[in-house]
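Chemist: Residue numbers (my numbering), protein chains in the order written: chain F, 1 to 112; chain G, 113 to 224; chain E, 225 to 336; chain Z, 337 to 828; chain S, 829 to 1320; chain L, 1321 to 1812.
Be aware that a few hints might be false.
Below, simulated EDC-like cross-link-like pairs (lysine to aspartate or glutamate); rule was C-alpha separation at most 16 Å, straight line [said to hold, decoys possible]: (1) K146/G x E106/F; (2) K85/F x E1268/S; (3) K34/F x E322/E; (4) K309/E x E217/G; (5) K1471/L x D1455/L; (6) K191/G x E144/G; (7) K69/F x D246/E; (8) K1161/S x D396/Z; (9) K717/Z x E322/E; (10) K85/F x E330/E; (11) K309/E x E1760/L; (12) K1096/S x D1215/S; (13) K197/G x D488/Z; (14) K1096/S x E127/G; (15) K979/S x D1795/L; (16) K303/E x E127/G; (17) K1209/S x E218/G; (18) K1423/L x E256/E; (19) K331/E x D88/F; (20) K604/Z x D130/G; (21) K79/F x E286/E; (22) K197/G x E144/G; (23) K1588/L x D88/F; (24) K293/E x D246/E; (25) K152/G x E810/Z; (26) K303/E x E256/E; (27) K194/G x D471/Z; (28) K1096/S x E162/G; (29) K152/G x D811/Z; (30) K197/G x E106/F; (31) K604/Z x E274/E; (32) K439/Z x D166/G.
From the structure, some residues in chain F lie toward chain S, with a derived Cβ separation under 10 Å [stated by the list, open to error]: (33) K40; (34) S68; (35) V70.
By construction, these hints were calculated from the structure, which means they are not laboratory data.
Backbone N, C-alpha and C define an ideal beta-carbon position, used for all residues, glycine too.
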Amino acid sequence: MKKIEAIIKPFKLEEVKDALHDVGAEGMTVSEVKGFGRQKGHTEIYRGSEYTVDFLPKIKIELVLADSKVQEAVAAIIKAAKTGKIGDGKIFISGVEEAVRIRTEEKGENAV
Amino acid sequence: MKKIEAIIKPFKLEEVKDALHDVGAEGMTVSEVKGFGRQKGHTEIYRGSEYTVDFLPKIKIELVLADSKVQEAVAAIIKAAKTGKIGDGKIFISGVEEAVRIRTEEKGENAV
Amino acid sequence: MKKIEAIIKPFKLEEVKDALHDVGAEGMTVSEVKGFGRQKGHTEIYRGSEYTVDFLPKIKIELVLADSKVQEAVAAIIKAAKTGKIGDGKIFISGVEEAVRIRTEEKGENAV
Amino acid sequence: MKKLLSLFAFLAITVSALTLVRAEDPPKEAPKKADPNIEQRIADLEAYVNNGSRGADAADAKITSKVSGSGPGHNAFQMVSAALVLFMTLPGLFLFYGGLVRKKNILSVVAQCFGIAGLVTILWWAFGYSFVFGDGSSPWIGSFSKFAFLKDVDSNPNTNYSYWVSHNVFSMYQLMFAIITPALILGAIAERMKFSAVLLFVGLWMVVVYFPLAHAVWGIDGAMNGVWNPKALIKSIDFAGGTVVHMSSGWSALVLCLILGPRLGFGKQNMAPHSMTMCAIGTGMLWVGWYGFNAGSAVAADGIAANAFTTTTIAAAVASFVWAMLEYIIRGKPSILGFCSGAVAGLVVITPACGFVNTTGSVIIGVLAGLVPFLACAYLKPAFKYDDALDTFGVHAVGGTLGALLTGFLATGDVNANLSGDPAKANGLAKLVGNGLWLEQLKAMAITIVLSVVATVIIAYVVKAIVGLRPTEEDETQGLDLADHGEEGYHG
Amino acid sequence: MKKLLSLFAFLAITVSALTLVRAEDPPKEAPKKADPNIEQRIADLEAYVNNGSRGADAADAKITSKVSGSGPGHNAFQMVSAALVLFMTLPGLFLFYGGLVRKKNILSVVAQCFGIAGLVTILWWAFGYSFVFGDGSSPWIGSFSKFAFLKDVDSNPNTNYSYWVSHNVFSMYQLMFAIITPALILGAIAERMKFSAVLLFVGLWMVVVYFPLAHAVWGIDGAMNGVWNPKALIKSIDFAGGTVVHMSSGWSALVLCLILGPRLGFGKQNMAPHSMTMCAIGTGMLWVGWYGFNAGSAVAADGIAANAFTTTTIAAAVASFVWAMLEYIIRGKPSILGFCSGAVAGLVVITPACGFVNTTGSVIIGVLAGLVPFLACAYLKPAFKYDDALDTFGVHAVGGTLGALLTGFLATGDVNANLSGDPAKANGLAKLVGNGLWLEQLKAMAITIVLSVVATVIIAYVVKAIVGLRPTEEDETQGLDLADHGEEGYHG
Amino acid sequence: MKKLLSLFAFLAITVSALTLVRAEDPPKEAPKKADPNIEQRIADLEAYVNNGSRGADAADAKITSKVSGSGPGHNAFQMVSAALVLFMTLPGLFLFYGGLVRKKNILSVVAQCFGIAGLVTILWWAFGYSFVFGDGSSPWIGSFSKFAFLKDVDSNPNTNYSYWVSHNVFSMYQLMFAIITPALILGAIAERMKFSAVLLFVGLWMVVVYFPLAHAVWGIDGAMNGVWNPKALIKSIDFAGGTVVHMSSGWSALVLCLILGPRLGFGKQNMAPHSMTMCAIGTGMLWVGWYGFNAGSAVAADGIAANAFTTTTIAAAVASFVWAMLEYIIRGKPSILGFCSGAVAGLVVITPACGFVNTTGSVIIGVLAGLVPFLACAYLKPAFKYDDALDTFGVHAVGGTLGALLTGFLATGDVNANLSGDPAKANGLAKLVGNGLWLEQLKAMAITIVLSVVATVIIAYVVKAIVGLRPTEEDETQGLDLADHGEEGYHG
Ligand SMILES: Nc1ncnc2c1ncn2[C@@H]1O[C@H](COP(=O)(O)OP(=O)(O)O)[C@@H](O)[C@H]1O
Ligand SMILES: Nc1ncnc2c1ncn2[C@@H]1O[C@H](COP(=O)(O)OP(=O)(O)O)[C@@H](O)[C@H]1O
Ligand SMILES: Nc1ncnc2c1ncn2[C@@H]1O[C@H](COP(=O)(O)OP(=O)(O)O)[C@@H](O)[C@H]1O
């Protein structure tokens, strides 16, 4: 099993979710994160005080899935999340040794 | 060392934490996430506009621990988090190569 | 490629970010998390009800980078995040198999 | 659906019962009266400034008045006061309470407040106002039909209650009290009572508890209206609602929360307020709005209102400070919730007293209001383990009870001439002031508690039988916002 | 920069145009008048209590008055009312609307409300007030110069509009209406109109739509001022702004939102309110502030104000309850937004009627206000797929239109003697009340709709040509808070 | 504990000092006075409408009055005004300031505001009111004992300050000023001063700075009361508190923030407002409440109040617009904080002037209020690097100073006859108006600045010595909410 972590632009979440769903990903977990990268932030001024905000709002999607489905899922994410503008985000893939579904205690690929 | 990531129902956090503590897990990190899975979401209507909310609030617990403690910890999580109803969540286990305690710069299993 | 996950004290974020930037880390993703560890929490009393808050606000920094840069990055984080007081946090390192830049579809170390 | 049906049935029955009310006899042809002379005209104008009665107001008056309508200063004050009391509920109370619940239940508090506002207004219009302020029926209950559908409640003063405030404004002012009183109960049962059950409970409770009690205490021929009813059975006094508002809601709240049982996870899960900031905002609004509640209860912008304004300010500020300083001493940290609770407790305790006690009295009340409810919330509740979620009992029942009693000890004719007015002389109150009045107060308090407790038990079981009281475990766990209203308090 | 320049150009032109206004002729030397005698002095004092005219107020008066200035009760009420109407916009409306937008646009709503407050105040001071309430010019437009720069608008009453309220207070009270009206439009175009475009649009819209319309309806010599203008061309009535405020803003809002087009992602992305709690707070404040709006429109703390206060309360509460109960029946869950929308709809619909209908009329209005706008929001909008983001059209246009019409049917001289006063007799209104008035109402409604729609189309395209209407896609996606104001609503 | 002890010691000492105050001489037996005749009765009623004095108010009056108490319109207005000024602090100011701090310190701002409300009320009751408004002592300080414990402060007017407003209402109205003034200081020292230190500082500051200054400016025999004291030493004028409220708090704030030093991480960490939305809500409430502050300062609902209401509105709206438009020009984006700061600055600058300048004056003030404090906040503060966290100095000190000076130039007898009343003639003010008054203003300003600065230095070091000023680094880092109050602003 692999874990895909995708950092995407917030307003792309719905599309990416649908795309993943279409390729058979049945579960995923998302969180609100802040990203620092090439996309530059902005400056906010509050009266005399100026603050540079380097961190931009991003969404992180985590999903664990069988090795066989990884390529398809990555392709789906790219397709849905790409705007071509800087800041579109990254996808990271790493190995997962075991998965358990708490409700049924199923293990492995059956659990994801 | 292994990393356990458990996605659980929010109101189970206290119990899971206590259970993990009981089996000797001394540290963990939790975050608020949204989950998409078999458990269906709900629909919200604001005057004429209807929105389907597919993502449900979940809690993600991450803890890194020595290989030897993994089984016990997983069992503890399952025991505490299980309600038997859909949406109970998942546990994922993956490898961790190194751990460092910032304060002391201790490394490896001493650091977790 | 490796993934570094660092749990740090919230007010250290700016310093750690700058330190990482200085050693050439061009991207990172941060999230607000709650930590449970040796650092003890506090008690809040609302009229007659007392609540123990075990979870303390922490920041999690995730960054993926080439194997060669890991040591330097870890050192930078430790330097910037250390206060010497309990609760300074942890750094975890694990393997990443693949990385993709969504915008360009670049892969591997070019993508991080 | 069942729940909805029963609610509508309830409304329909009460309203249609009234359509049976026959038209009153046609007004008797009034004998032609004389115009006032110069002296009388001046006296009428002076009456306006002094909030006194016109020559034409006397039952047997032979003259008319050239200023027979409402008077601007008093009417303006009463309208603003009514708006302020509404402000106490919407948004004051729903912020004060809403800030203290968990995020998933914030909207349920809001919906309950709005729902009560709508429901009670309809009841009030249909027969509630008449039931409370329609005189000529009984000391314990007003006339069901006299002012039904607000018939004859127009812009002219009803001199039973005010010489210079429009009758319709008075009725709206009193409506705001009728709205906030049941809304106070919400604090005890927060986070675990179904919306349909809340509405049905409140509808019945108004009819059985509030309307009769308010009539007995404030109706011109009410059994416990010591100040205005020369034939009062109990010579107790309650300026702005220690018994009617705070004791009735507070004691009912205790009973209802016992019947309901504690929230799921009570004592185990962390149920800390989701927004103390919001609670503090609500407190500020309650305090400001309370001026309408207390000073407005003079039903005139006169010296009694001025006195009530003053004592209210002092009691609230002192109690807020005392409560927080007690925490400072005992726990080492003065809390925001302490300041807020103290302020509200001060306002509650001064409520029955504000128009009857002087400044010194208000300081004493402030100190005790910071102390006694603090003890109730901090020690009584944990000791008995009932889940009075937001301390309606601890603050309103304990505070209202304390206030009603203290009024008996501290009331003084110096600040309120009505305490030795004709009705008070007739029924004996005048002699009791400063001299055993507290015994009369005790009687009124006992009646209030008995009525509230007994009626609440019965109504609660009736409601339980019809629509059920609590949501499913799943709904309660998910939160009432989504379960009952299909919305979330915050997004994104 | 271009946008800014055009804004300033606009301001500069309008203001400097006025510097050309020549000084008025010197006031004619008034012939010496006699002091009032005792009888007259008493009559003047009675006039104060009754909100009537002094002897000296008559055009041909030969006596002076010893109470020739403003009167405390009325003036106090009017000042408080003005403050309440401001409270409706800042913070009432920006919370009500702001709670309904997404987090990234909350501040843009706030900024637009504040920006409008500043801009409209400047226009009002320079010439707007004069344009609306300066008489002697035309039935369709006020005098451009009579009260320019608020010249001669001092603390003495302008008896055209009130016997006892200071002229300057009246002008500030009316300013608050002029501020909230364009701010209502913001609901339809929320989240997708540039700040510069909003300001420019509002500036032009005030001059072309609001000022003329307000003059025609409320100016003493206005074409549609049935109550006060003996020569009214259309004998319609509008107590507190059904046409002037709600229809004008509501219909303009629809047109503008159609021209703007829907928000990016409309119908696809989840655009749920970022804080229903905030929306509910705003609703409570709007309701409370609306008492200033409606009762204050009597421009006196008199019986008409009292009536308006009462009908406003009932309509709001009933409509709130009805809207939510409709949802309960149809969807199974009464929503907080339903309670809030219903309350606001009730307030909108009663606005033109509040000083003219009785309690029964207000219940009818409450029921219909809960029903008709509900249908518009829940079914009309989805059917036609226009993006009236926060339902300005559904609530204000539909509600205002409904209210203006219902006023025609339900108005009754019983609660407002002015409906059969001298001007109303002169122009024929007196006969129309209860007897075909709705046809006059229809005329006024038609004129309001035509003016609003046509003018909005033209102004929108003018603004589009000068500064453009919409932000870039990137700005809209990022949110207007950062794009237009460089700030975020919440941190940390 | 130490801190707490010293606080209580402070309270105890001040209060017990008063118990030594001996009972006043028994009131002299008043000679029997005649009843008023018809003419006098009418004149008294006219006096009510005109806010004039009754025949019986004259020092040597030989007649009584039939309207000797308070008058409804004025009293109503004053009570509402007092409530509005309280609304400015709770919740207005704590939202305005609280929105601007970081999340971890929001409750500390709330607690400080509530704590001040409680503490100052107790001081006010014990001796503060007497110290300010008790006459007969000295031009620089009031009588310590005359009205101690609010003795003799009842519902009858104290004609030194108002003919028609109840004395107790006046005292509560002024209490609200005494509460908000030290609360303004909190803006400069936010996020880094211990709660115990804040309370102790404020307690001392009230006694040393506020009470004397308020007496000198507003006491009937105050040294700088140009309008009312025929023997004023300095003929300066200050309608609603440019010197007493804004300069005193603003200059003290600067000094205190310099002594405290900057927040940990100042200039390095991001300290952006945690909720600009909340700040904007607070601004709206401050604006609305300010009508009570400014118009209420007429202590009557008369033409002067009307004028103050008008100038306040215009100055606030214009300044808000100007500040934001300056940002628009200079930075390309008008900010919400700009609109808010401008509005508050406009309100501050018009405060001393509102009852003395006309509409044109208020426009000038509005423009300068948008400009000068903007420059102070945007350029002066960064240049000097002091950490005036929420710009109390930039807005209140700079604005108050500007306002006090502009009042000297723009005041005109046309809008306020008191500028040429008997006392003003006696002390020479009448001649100075429009003619060198600004020099007198300068004197008053200098005295205010010197007193504030010197006293603050001393008090700050005294407090530092007793309880210490700053929290530990750990506490400050964690946030004062948890450290000082054991609560968090938001959960879940
Ligand atoms: N090395 C990295 N490790 C973790 N997250 C990263 C890394 N690089 C980029 N990111 C995440 O991806 C987001 C987009 O990256 P950015 O450099 O701004 O744009 P792009 O990927 O289009 O070049 C960042 O905001 C950050 O959240
Ligand atoms: N493949 C997956 N990858 C990551 N998270 C998942 C995955 N599947 C499920 N989850 C997480 O687990 C939660 C519970 O899953 P769900 O399918 O609803 O119930 P159950 O696990 O009981 O079948 C989801 O809300 C989601 O957060
Ligand atoms: N085994 C672990 N797995 C995951 N996170 C951990 C673990 N141990 C500690 N942490 C995180 O590190 C933070 C600091 O740990 P703590 O034990 O309080 O202090 P220290 O690291 O200085 O001993 C914790 O709050 C938690 O977020």
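Chemist: Against chain S, is S68/F within 10 Å by beta-carbon distance?
Modeler: It is violated, given that the least Cβ distance between S68/F and chain S is near 31 Å, above 10 Å.
Chemist: Sort out whether D166/G lies within 16 Å of K439/Z, counting only the CA atoms.
Modeler: Given that 16 Å is the threshold and the Cα spacing comes to 19 Å, the pair is violated.
Chemist: With the threshold set at 16 Å, check whether the alpha-carbon distance from K293/E to D246/E stays at or below it.
Modeler: Status holds; Cα separation ~12 Å.
Chemist: Quick one, are K69/F and D246/E close enough, alpha carbons at most 16 Å?
Modeler: Violated, at roughly 38 Å.
Chemist: Would you check the hint for K309/E and E1760/L, treating anything up to 16 Å between C-alpha atoms as holding?
Modeler: violated (59 Å)
Chemist: Can the restraint linking K1423/L and E256/E be considered satisfied, given a maximum Cα separation of 16 Å?
Modeler: Holds: K1423/L and E256/E sit about 14 Å apart, inside 16 Å.
Chemist: Assess, step by step, whether the Cα of K85/F is no farther than 16 Å from the Cα of E330/E, and give holds or violated.
Modeler: With Cα atoms ~14 Å apart, K85/F and E330/E stay inside 16 Å; holds.
Chemist: If you draw a straight line from the CA of K1096/S to the CA of D1215/S, is it 16 Å or shorter?
Modeler: holds (12 Å)
Chemist: Is the hinted pair K1471/L and D1455/L satisfied, with a Cα-Cα distance of at most 16 Å?
Modeler: Satisfied, since the Cα-Cα distance of roughly 14 Å is no more than 16 Å.
Chemist: Take a quick look at whether K604/Z and D130/G sit within 16 Å of each other, Cα to Cα.
Modeler: With Cα atoms ~12 Å apart, K604/Z and D130/G stay inside 16 Å; holds.
Chemist: Are the Cα positions of K309/E and E217/G separated by 16 Å at most?
Modeler: holds (12 Å)
Chemist: Measure nothing beyond the straight line between the CA atoms of K331/E and D88/F; if it is 16 Å or shorter, mark the hint as holding.
Modeler: holds (14 Å)
Consistency note: the structure conflicts with the earlier hints numbered 1, 2, 3, 6, 7, 8, 9, 11, 13, 14, 15, 16, 17, 21, 22, 23, 26, 27, 32, 33, 34, 35.
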